[in-house]
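Undergrad: Going down the list, the sequences are from chains A and B.
Sequential numbering from 1 applies to the first sequence in my numbering.
Sequential numbering from 1 applies to the second sequence in my numbering.
It is worth saying that the hints were derived from the structure and are not from the lab.
Restricting the straight-line Cα-Cα distance to at most 25 Å, the calculated cross-link-like pairs of lysine to any residue (SDA-like) are: (1) B/Lys108 x B/Pro56; (2) B/Lys108 x A/Pro70; (3) B/Lys108 x B/Pro58; (4) B/Lys108 x A/Glu88.
Small disclaimer: the values here were computed from a predicted structure and weren't measured.
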Amino acid sequence: MYVTDIVTPELYGLAAMDALSPSARLARALVTLAGAALLLAGSAWGSDDHFPFGPFRMFAGVNGPDEPAPDTRVEGTDVTGVTVILTERNSGIRRAEIEGQQERYETQPELLHEVATAYAARNPQAPALVEVRLVVRWHEIRDSRPANTSRDEVVAVWRAP
Amino acid sequence: MWWLTEAVPRGRVAAFRTLVYLYVAADLVIFTPWVRTHAAVPPELYQPLFVGRLLPLPTPTPLLVHTVFWVLLVTALLAATGRAHRLLGWAVFILYFEWMIIAMSYGKVDHDRFAFLVALAALPTAGAARHADRTPTERGGWALRVTQIAVVATYFLAFWAKVRFGGLGWATGSVLARAILRRGTDLADLIAVVPGLLIAAQLGIMAFELLSPVVFGLRERWRHVAVGFFYIFHLVTIATITISFAPHLVALTSFLPLERAVARVQRAATRLRSPGIPAAGERETLKEPTGVGDPRYEAPLSG
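Given only the sequences and the hints, what does the whole structure look like? Please build it.
TA: Structure (structure tokens):
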């Protein structure tokens with residue numbers, strides 16, 4: 001044991017090695033175990049809130065073979081009466097972020113005003129929005145395959161006072 | 001424990017380091033430009049994550065978002081050179097982590113970058129490394145190994161999450177049909193109409209994720225085949241439901257002998273610079289020079 005600590009690999013005719021001391025190796029093993037423990041705990045009991053140690057739940061939800069698929073969009077009407085689809089590009093808010101806070105928008109529709117504010121900040125030249133709607137398009141699914149039919153449901157509306 | 005710190009050539013660490021930090025710059029500008037757009041999103045829509053509340057990190061303002069963007073961009077490009085690997089490496093890790101908090105605190109958390117974050121956290125400990133240096137390094141080996149473990153954990157724990165949230169019925173549900181309706185490509189629309197195909201794909205995804213840890217038991221050649229399969233899986237995912245998983249794909253290179261790719265590029269560059277002189281590795285095929293005037297005459301001494 002003592003010998004291995006002082007013998008360098010060159011003595012064996014090998015290329016020099018950037019070797020770790022026993023304590024450095026132990027520290028790395030402990031860090032690895034701690035990280036693995038956090039990750040496993042996150043996957044077992046955690047939620048997205050525990051990023052980056054939360055569960056890898058992308059596309060992990062249960063959807064029955066005939067359950068319709070929600071396709072969410074935010075649309076606004078500006079002062080000229082034109083309908084504008086509010087996207088990640090013109091509002092800076094991703095569709096998934098709208099969906100992640102959908103319950104908040106449903107219980108507090110006035111929050112949709114914030115989406116109009118974000119749109120105005122990114123498009124100062126555009127006519128102001130007087131109405132913002134959160135719309136879910138439900139695509140029908142049959143036997144785990146798209147059925148090519150859909151219906152729209154408006155789940156929240158904000159109107160300029 | 002030895003397996004955890006199995007030595008790799010320093011050149012591989014250097015190549016991985018350059019790739020990872022160049023990706024950080026590309027991520028800011030090309031792959032996830034929407035993070036920057038959060039600067040203009042009103043603070044009412046900010047929903048801080050657990051870590052953001054714990055530390056506590058500030059609510060993003062335009063000044064904070066733009067400052068992190070520019071400092072991170074410059075730091076990542078400097079870190080890609082491999083210089084001051086510890087100082088610049090930790091700076092990139094901290095800034096990128098804050099960038100991720102800005103990204104994920106508005107109602108949607110992405111799951112494509114755990115292994116990439118592990119790589120960013122481990123690289124500052126990997127020691128100095130120059131391209132083409134063959135010296136074996138254990139500290140570099142650990143950095144690559146923990147990245148590999150994080151890559152495989154992403155797959156295996158994705159299987160676990162499907163069981164936890166969806167149950168085994170996930171495989172016979174309609175998750176792919178739903179994804180195709182929401183974000184599918186024309187190619188996906190062609191595939192979706194084939195009876196039973198989406199369910200077969202769902203079964204295949206679950207099997208692949210469950211079996212992914214097998215990659216660690218494979219010999220080098222088959223391990224590379226398995227990594228090639230991982231890449232093909234992601235290629236199909238991009239082509240059908242436009243999910244890129246780009247940072248994960250960078251972390252996945254921790255399985256590959258990147259230093260050989262660098263050597264190939266260096267040989268090609270040498271050839272371009274002096275077309276008459278064959279690059280290293282090609283000398284065996286060199287015919288006898290015809291005389292002193294032959295441009296190949298000096299070649300054996302040049303390498």
